[in-house]
Amino acid sequence: MAARQPNEPQAQPPQDTVRSLLAELWRDRLQPSRPGSGRETSAGRVIHAALFLTATLSAFVTIGIVLVLIFETVEFFREVPFLDFFGSTKWSALFAEKQFGVWALVWGTGMIALIGLVVAIPLGLMAAVFLSEYAPPRVRAIVKPILEILAGVPTVVFGYFALVSVSPVIRDIFGQDVGIYNALSAGIVVGLMIVPIIASLSEDAMRAVPRSLREGAYALGSTRMEVSLRVVLPAAFSGVVASIILAASRAVGETMAVTIAGGGNPQFGVNPLEAVQTMTAMIVQLSLGDTPTTSIEFKVLFAVAMTLFVLTLVMNIVAQWVSRRFREEYE
Amino acid sequence: MARNFFTMMKSTAPSATEPSTAERTVAPPPPSMKQDAAAGVGVHLDPTLEAVRHDFTEEVEMALELRDVSAFYGSFQAIDRITLPVPRNRVTALIGPSGCGKSTLLRCFNRMNDLIPGARITGRIDFGGRNLVDPNVDAVEVRRRIGMVFQKPNPFPKSIYENVAFGARINGYSGDMDRLVEDSLRRAALWDEVKDELDKSGLALSGGQQQRLCIGRAIAVQPEIILMDEPASALDPVATLKIEDLMRELAEDYTIVVVTHNMQQAGRVSDYTAFLLAGEERVGRLVEFGPTQDIFTNPLDQRTEDYITGRYG
Amino acid sequence: MSAAAPSAQLTAFSPRVRIRRSFSVGFMVAALLAIAISMIMLGALVVEIAVDGAARLFTDGTAVEREARGGGIVTDLPTPVGMAWMTWALPVAILLPFIGPRLLNSLVPGLPRLAERLIGLIVLAPAAVFIHILYVRFESAYLIDYARAVGIDGASGNLLQLFGEASGFQIVRLLVIGILLPLGILAAGWFWSQRMRKPSMLIPAIMIIAWVVYLFIDPWFLSSFPSRKPADAGIFSAVTGTLYMMVITAAIAFPLGVGAAIYLEEYARRNWFSRMIQINVSNLAGVPSIIYGLLGLQVFVRVLEFERSVLAGACTMALLVMPIIIVSAQEALRTVPPSMREAAYAVGATRWQVIRFHVLPYAFGGMLTGNILAMSRAIGETAPLIAIGALTFIAFLADSPTDDFTVLPIQVFNWVARPQAGFHEIAASAIIVLMVILLLMNAAAIIMRQRTRTDW
Numbered sequence: 000m001a002a003r004q005p006n007e008p009q010a011q012p013p014q015d016t017v018r019s020l021l022a023e024l025w026r027d028r029l030q031p032s033r034p035g036s037g038r039e040t041s042a043g044r045v046i047h048a049a050l051f052l053t054a055t056l057s058a059f060v061t062i063g064i065v066l067v068l069i070f071e072t073v074e075f076f077r078e079v080p081f082l083d084f085f086g087s088t089k090w091s092a093l094f095a096e097k098q099f100g101v102w103a104l105v106w107g108t109g110m111i112a113l114i115g116l117v118v119a120i121p122l123g124l125m126a127a128v129f130l131s132e133y134a135p136p137r138v139r140a141i142v143k144p145i146l147e148i149l150a151g152v153p154t155v156v157f158g159y160f161a162l163v164s165v166s167p168v169i170r171d172i173f174g175q176d177v178g179i180y181n182a183l184s185a186g187i188v189v190g191l192m193i194v195p196i197i198a199s200l201s202e203d204a205m206r207a208v209p210r211s212l213r214e215g216a217y218a219l220g221s222t223r224m225e226v227s228l229r230v231v232l233p234a235a236f237s238g239v240v241a242s243i244i245l246a247a248s249r250a251v252g253e254t255m256a257v258t259i260a261g262g263g264n265p266q267f268g269v270n271p272l273e274a275v276q277t278m279t280a281m282i283v284q285l286s287l288g289d290t291p292t293t294s295i296e297f298k299v300l301f302a303v304a305m306t307l308f309v310l311t312l313v314m315n316i317v318a319q320w321v322s323r324r325f326r327e328e329y330e
Numbered sequence: 000m001a002r003n004f005f006t007m008m009k010s011t012a013p014s015a016t017e018p019s020t021a022e023r024t025v026a027p028p029p030p031s032m033k034q035d036a037a038a039g040v041g042v043h044l045d046p047t048l049e050a051v052r053h054d055f056t057e058e059v060e061m062a063l064e065l066r067d068v069s070a071f072y073g074s075f076q077a078i079d080r081i082t083l084p085v086p087r088n089r090v091t092a093l094i095g096p097s098g099c100g101k102s103t104l105l106r107c108f109n110r111m112n113d114l115i116p117g118a119r120i121t122g123r124i125d126f127g128g129r130n131l132v133d134p135n136v137d138a139v140e141v142r143r144r145i146g147m148v149f150q151k152p153n154p155f156p157k158s159i160y161e162n163v164a165f166g167a168r169i170n171g172y173s174g175d176m177d178r179l180v181e182d183s184l185r186r187a188a189l190w191d192e193v194k195d196e197l198d199k200s201g202l203a204l205s206g207g208q209q210q211r212l213c214i215g216r217a218i219a220v221q222p223e224i225i226l227m228d229e230p231a232s233a234l235d236p237v238a239t240l241k242i243e244d245l246m247r248e249l250a251e252d253y254t255i256v257v258v259t260h261n262m263q264q265a266g267r268v269s270d271y272t273a274f275l276l277a278g279e280e281r282v283g284r285l286v287e288f289g290p291t292q293d294i295f296t297n298p299l300d301q302r303t304e305d306y307i308t309g310r311y312g
Numbered sequence: 000m001s002a003a004a005p006s007a008q009l010t011a012f013s014p015r016v017r018i019r020r021s022f023s024v025g026f027m028v029a030a031l032l033a034i035a036i037s038m039i040m041l042g043a044l045v046v047e048i049a050v051d052g053a054a055r056l057f058t059d060g061t062a063v064e065r066e067a068r069g070g071g072i073v074t075d076l077p078t079p080v081g082m083a084w085m086t087w088a089l090p091v092a093i094l095l096p097f098i099g100p101r102l103l104n105s106l107v108p109g110l111p112r113l114a115e116r117l118i119g120l121i122v123l124a125p126a127a128v129f130i131h132i133l134y135v136r137f138e139s140a141y142l143i144d145y146a147r148a149v150g151i152d153g154a155s156g157n158l159l160q161l162f163g164e165a166s167g168f169q170i171v172r173l174l175v176i177g178i179l180l181p182l183g184i185l186a187a188g189w190f191w192s193q194r195m196r197k198p199s200m201l202i203p204a205i206m207i208i209a210w211v212v213y214l215f216i217d218p219w220f221l222s223s224f225p226s227r228k229p230a231d232a233g234i235f236s237a238v239t240g241t242l243y244m245m246v247i248t249a250a251i252a253f254p255l256g257v258g259a260a261i262y263l264e265e266y267a268r269r270n271w272f273s274r275m276i277q278i279n280v281s282n283l284a285g286v287p288s289i290i291y292g293l294l295g296l297q298v299f300v301r302v303l304e305f306e307r308s309v310l311a312g313a314c315t316m317a318l319l320v321m322p323i324i325i326v327s328a329q330e331a332l333r334t335v336p337p338s339m340r341e342a343a344y345a346v347g348a349t350r351w352q353v354i355r356f357h358v359l360p361y362a363f364g365g366m367l368t369g370n371i372l373a374m375s376r377a378i379g380e381t382a383p384l385i386a387i388g389a390l391t392f393i394a395f396l397a398d399s400p401t402d403d404f405t406v407l408p409i410q411v412f413n414w415v416a417r418p419q420a421g422f423h424e425i426a427a428s429a430i431i432v433l434m435v436i437l438l439l440m441n442a443a444a445i446i447m448r449q450r451t452r453t454d455w
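From first to last, the protein sequence lines stand for chains B, P and Y. Numbering that gives the first Met the number 0 applies: residue 0 is where the first sequence begins, and numbers increase by one. Numbering that gives the first Met the number 0 applies: residue 0 is where the second sequence begins, and numbers increase by one. Numbering that gives the first Met the number 0 applies: residue 0 is where the third sequence begins, and numbers increase by one.
It is possible that some hints are incorrect.
[Claimed, not checked] Residues from chain P that face chain B, not an exhaustive set, calculated with beta carbons under 10 Å:
| # | residue |
| --- | --- |
| 1 | M111 |
| 2 | L114 |
| 3 | R144 |
| 4 | P154 |
| 5 | K157 |
| 6 | R216 |
| 7 | E304 |
Everything labelled a hint here was simulated from the structure, so no lab data went into it. Just so you know, these numbers come straight off a predicted model, no measurement behind them. All C-beta atoms in this analysis are idealised placements derived from N, C-alpha and C, irrespective of residue type, glycine included.
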């Protein structure tokens with residue numbers, strides 16, 4: 000860049016380039032130049048380029064993820080027919096008789112996410128309504144940061160909680176035949192984990208509903224519940240739905256708690272008291288063992304990860320689309 | 000229902016210029032109240048009663064009667080001991096400079112101030128023989144019977160039909176909903192413009208249409224009184240004119256109380272006018288109340304005249 | 000539809016106000032209950048872990064048993080550097096941070112702020128070293144007593160030997176207390192000189208509390224390596240691994256994330272490219288963390304051949320938290336009023352000068368807050384590190400970034416996954432340590448957020 004300056008020779012050894020660059024840096028400070036003209040000094044251009052590179056890095060991360068996943072997934076499908084993967088519900092990657100029916104894992108993931116949502120949606124939405132419509136400002140000022148801190152509790156901690164506290168309670172209720180590892184306890188703690196997400200994001204959306212709408216409803220003789228449920232909630236609908244989808248996506252991508260508490264049993268049953276295995280738990284299970292990188296077990300890891308990636312990506316995109324598409328514009 | 004306040008006043012106070020007789024109709028305020036502060040504004044007499052001394056020839060029933068109504072936000076007093084009648088089936092305008100407590104007073108009528116933390120009201124507002132500021136009176140029921148239209152149009156983000164039907168639904172209306180919506184929109188002079196697109200969002204209408212939709216929404220719950228808080232201030236002159244015509248029409252069946260900044264508007268639409276003014280310490284007090292014509296042509300109070308002639312701005 | 004007969008119209012409305020009212024109250028109770036249930040469940044989590052973990056973290060019943068085996072007790076002790084200076088070093092060390100900057104300002108009035116701080120730091124640094132040495136002295140006295148009490152004789156050697164030969168127990172104590180204590184006093188002095196009385200009081204208070212708590216903690220747990228027996232196991236390698244990895248992660252992710260944010264906010268035109276980057280960043284934030292682990296496994300572990308090292312883990316973690324840092328840094332940049340930029344341009348500054356001297360100083364606090372929050376996310380992440388193959392049984396300390404390592408959450412996972420209840424207990428103890436670190440980071444972020452403006 001420095002070479003473009005007219006007073007400097009065209010070809011330079013590298014050290015001189017560096018030196019002239021440093022000189023430019025100094026000159027930059029001494030002679031601030033032409034902001035209006037839109038041109039930058041060469042040091043400014045270097046900085047501009049460096050910052051540009053850091054920004055493009057995030058694009059490379061995405062490309063990297065996609066490439067890494069596709070590469071091994073393609074390898075996998077060279078060995079295993081597509082239909083064996085997507086057309087079966089039997090999974091036994093670690094046995095001699097290998098079967099790769101990914102639906103068993105998707106099912107386990109879905110079941111735990113569903114249990115989580117069943118727990119989290121009522122709790123989270125009610126908590127959001129309470130914080131936004133009922134709670135005095137002082138209560139909200141205390142509860143909201145607590146919720147945000149809870150959203151940052153490591154997921155292994157929730158796994159511990161599921162195993163040591165929730166599972167025994169479930170066994171007390173449903174009898175000791177129930178295994179210590181089961182989908183229900185994993186689902187419940189996943190639900191607890193996403194309550195803060197739903198509560199916090201939904202509350203933001205509800206608070207964004209203009210005050211005048213609430214007043215309009217009150218002036219027609221609405222009770223506070225009617226205002227909350229029939230005016231505020233529908234008006235904040237897009238934000239609420241987006242928060243739920245984001246929470247669901249988090250539940251689907253959740254790894255540690257379901258690995259610890261879900262049990263490693265890929266299956267396609269409807270009983271939530273049995274052990275299941277999610278896609279993420281399967282990835283952890285295969286990662287823990289010393290899997291050779293040429294083996295089919297290693298490759299299927301990426302095929303499953305690809306499924307997971309696409310699933311969560313679609314959910315995130317839908318969440319963004321919903322929150323843009325159905326947002327009411329109040330001036 | 001409401002006593003005939005003015006008739007009574009006429010009999011007890013044959014001379015409008017005799018304030019002492021009017022004083023008898025209401026118990027004097029307890030000595031603990033701020034007599035000195037009041038004297039600063041009312042100068043020689045109890046300001047709240049001083050105000051109501053026009054000679055009424057019209058026999059009119061009262062929809063609301065206020066007695067010594069004060070409103071507070073926390074420790075701040077917004078209005079001080081306002082005593083005021085609101086005649087039935089008439090348009091009553093509340094006028095006064097900004098910050099004089101007009102809107103606060105209006106929001107006392109349907110207990111909207113309950114929604115603001117720290118707000119409280121003292122005094123009496125008689126509505127059908129009951130004191131509606133009594134905490135035992137259900138604010139929800141009060142608001143059903145006393146509707147409100149706001150400064151900025153605030154339709155719900157629902158269809159036009161649902162906007163109108165909402166109030167009736169939550170209040171358990173069991174009649175023909177389609178007819179109610181049509182009637183309400185007709186009364187709000189909006190039906191002809193929107194009858195073909197009732198499914199359109201209320202937010203898609205123009206500002207003036209939105210405000211008429213809000214009026215229609217208020218009418219649909221069959222209120223006895225409609226409060227309007229500067230309903231035309233956010234609208235252009237043409238839309239404003241439509242809203243004013245609408246007010247005149249609605250006054251045949253409803254009691255309307257309208258807060259307005261616009262003197263001409265008050266003159267055009269209202270039958271009665273109350274003039275409020277805040278003193279040094281920003282506490283709003285009633286200066287004068289009477290038939291609009293009298294207030295505008297022959298105000299009894301110097302401050303009213305100053306305001307009417309534009310000396311307050 | 001005429002109000003002439005209002006009563007006829009009104010009959011159409013059912014007088015259910017009281018019922019609706021009680022519904023509304025019921026609804027409020029339900030909402031309150033929802034909050035309460037969430038809080039109770041999460042409270043149960045905290046209590047459960049505190050009760051389970053405290054047993055191992057605070058009692059030293061197992062310590063007696065260990066001592067009987069002669070394990071882990073210090074044998075080599077540093078000699079005091081000399082006692083005489085200590086009598087005057089203590090007051091100087093404590094007072095200097097508080098009066099240093101003031102003194103300096105009165106001696107050389109009108110110093111530029113940066114120079115003032117730099118010189119202040121140079122003056123303060125020896126103070127911190129004094130305190131550090133003082134602490135080592137205190138610690139060694141304590142250790143000598145301890146060693147004698149358990150019947151080991153040995154009071155020779157010097158300060159360097161202490162680091163060379165002392166057990167992990169000593170090193171942790173020395174590092175954590177011997178460095179944090181002076182740093183805390185340093186920070187307190189700085190805050191004091193900045194006339195921020197609250198933090199200047201708060202920090203010593205926290206230090207004292209931490210010190211008292213530390214005295215009751217079973218040192219063995221913090222200072223020994225994993226073991227097959229729950230009673231002997233500790234989290235030394237996990238804690239150091241976590242700290243090690245966090246430092247590298249922050250060093251990578253903060254500049255990259257902030258650079259991207261500066262580009263997006265200050266340089267990028269609003270075109271398809273910046274929009275794409277923006278959408279991409281928000282989508283990356285939603286990618287499950289384990290997928291980052293697979294990315295790290297292929298790119299850092301295999302292609303770049305970092306092996307299963309601290310560096311590979313830190314790089315993976317840096318990519319994982321970068322979206323968070325970018326978004327929060329962007330938010331911080333957006334809080335800078337445009338008038339400030341315009342004012343700087345108006346006196347002829349270049350774009351970079353505007354950013355460097357006006358925008359960044361203003362937004363720096365907010366960026367740092369975002370960085371701390373991102374780090375607190377990284378500190379609890381387990382899955383990506385498992386995917387890249389971080390080990391769970393590490394009986395040594397990482398010397399270089401290319402060594403194998405483990406971190407706290409992985410250690411927790413490893414212990415939780417074992418069937419024995421003893422391991423569950425020490426898992427809870429490790430969780431307590433993890434949560435305390437997290438809470439401190441969050442508290443730091445909240446304090447930072449309260450004064451997002453820095454003024455240099």
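Cross-check of the supplied hints:
1. M111: At about 7 Å, which falls below the 10 Å cut-off, the nearest Cβ of chain B leaves the hint on P:M111 intact, so it holds.
2. L114: Given a least distance of 6 Å, the restraint on P:L114 holds.
3. R144: holds, 8 Å
4. P154: holds, 8 Å
5. K157: Holds: closest Cβ of chain B sits about 7 Å from P:K157, inside 10 Å.
6. R216: Holds - the Cβ of P:R216 comes within 10 Å of chain B, reaching about 7 Å at its closest.
7. E304: Constraint on P:E304 not satisfied, violated at 35 Å.
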